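Novice: Sequence:
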Amino acid sequence: MRILVTGAAGFIGSRVSQYLLERGDEVVGIDNLNDYYDVSLKHHRLEPLLAHENFIDIRANLEDRDTIAQLFDKYQFQRVVHLGAQAGVRYSIQNPHAYADSNLTGTLNILEGCRQHKIEHLVYASSSSVYGANKKMPFSVQNNVDHPVSLYAATKKANELMAHSYSSLYNIPTTGLRFFTVYGPMGRPDMAYFSFTKKILAGEPIDVFNHGKCQRDFTYIDDIVEGVIRTLDNTATPNIDWTGLAPDPSSSYAPYKIYNIGNNQPVELLRFIEVIEENLGIEAKKNFLPMQAGDVEATFADVSSLTKDVGFKPSTTIEEGIAKFIQWYKKFYKP
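Numbering-wise, our numbering comes out as the position in the sequence shown, counting from 1, plus 411.
Hints in this document: simulated from the structure, not taken from any laboratory. Given the structure is predicted, the values throughout are model-derived calculations rather than measurements. Don't be surprised by glycine CBs; every beta carbon is placed ideally from N, CA and C. Heads up, some of the hints might be wrong.
What follows is a set of in silico ranges between Cβ atoms, one per label pair, in the way DEER data are often shown [stated by the list, open to error]: (1) 600 - 481: 25 to 35 Å; (2) 620 - 655: 19 to 29 Å; (3) 505 - 624: 41 to 51 Å; (4) 730 - 624: 16 to 26 Å; (5) 450 - 652: 44 to 54 Å; (6) 659 - 618: 14 to 24 Å; (7) 600 - 657: 28 to 38 Å; (8) 622 - 459: 46 to 56 Å; (9) 600 - 623: 19 to 29 Å.
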């Protein structure tokens, strides 16, 4: 198949693109290589993709309506994996307009391309952050997600609503994936585990928010990619049992689905730091601080729907995942 992957130089997008290429698909990858974090890392992720004859590299902004429309016209995609977005909870507090441009306008342009060209299946990235102020654990796709605590989370919830409207109006199969704290080699430098590693190696203190009592459902990158591919190959269909009298938020009378992709095993932040320390052989100097604005105390994914529908459940432990990350980090940065 010819598949469009947005955010192809991103942490998840580059790995999804590699997987698709290795199984024989043709991938058209879009990325604007913005400087939200180290651009050299994005180029590093692109290197193996550019070496592949079935990869087409496109430099574009998702909010550029004309360019996106022209790409859909030119390449006639069969399926779309929409992973491109302005990421980061805290940055959304500082620069909200970047999120409106990329996450809202950009997603609208992708949806319009899917509508105009009758795309077989659109899979797009949502986030565990949509659960916001929800305290019911584990987070289920049947839960209400109407109380986001950051603009980033609000844009991801909006993406789900936008997708449903297009599924309903135009019969476009769409699947939204709520990712839970993705980590691993070639990850995002703005993520805590990345900055922890850098500072510990440099002998600098690390900031530990909520006094280390936060819990996260840390999910290894390979598990995320497996979940993306499996859902891409499992085209969303209408739920024939759906009723507006007792609506299931994760499905619809339209071809629309929502899944969590998380490790289903939350880990306290202090334990996560401990595993990093063990792999580095260095004890961190810790600066304990209160909770940050826009953050939540815990995340915990109920993945029963994912397991039931596509037969997959993430299983990589943090001990396995962090070991692989540290090995890559030392090789790439040579600290």
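Novice: Now tell me, hint by hint, if it's right for this structure.
Specialist: Cross-check of the supplied hints:
1. 600 - 481: 25 to 35 Å: holds (32 Å)
2. 620 - 655: 19 to 29 Å: violated (41 Å)
3. 505 - 624: 41 to 51 Å: violated (25 Å)
4. 730 - 624: 16 to 26 Å: holds (21 Å)
5. 450 - 652: 44 to 54 Å: The hint (44 to 54 Å, Cβ to Cβ) holds, given that residue 450 and residue 652 are roughly 48 Å apart.
6. 659 - 618: 14 to 24 Å: Because 40 Å falls outside the window, the suggested range is violated.
7. 600 - 657: 28 to 38 Å: At 44 Å between Cβs, range violated.
8. 622 - 459: 46 to 56 Å: Violated: the Cβ-Cβ distance is about 41 Å, outside 46 to 56 Å.
9. 600 - 623: 19 to 29 Å: Holds - the Cβ-Cβ distance for residue 600 and residue 623, about 21 Å, lies within 19 to 29 Å.
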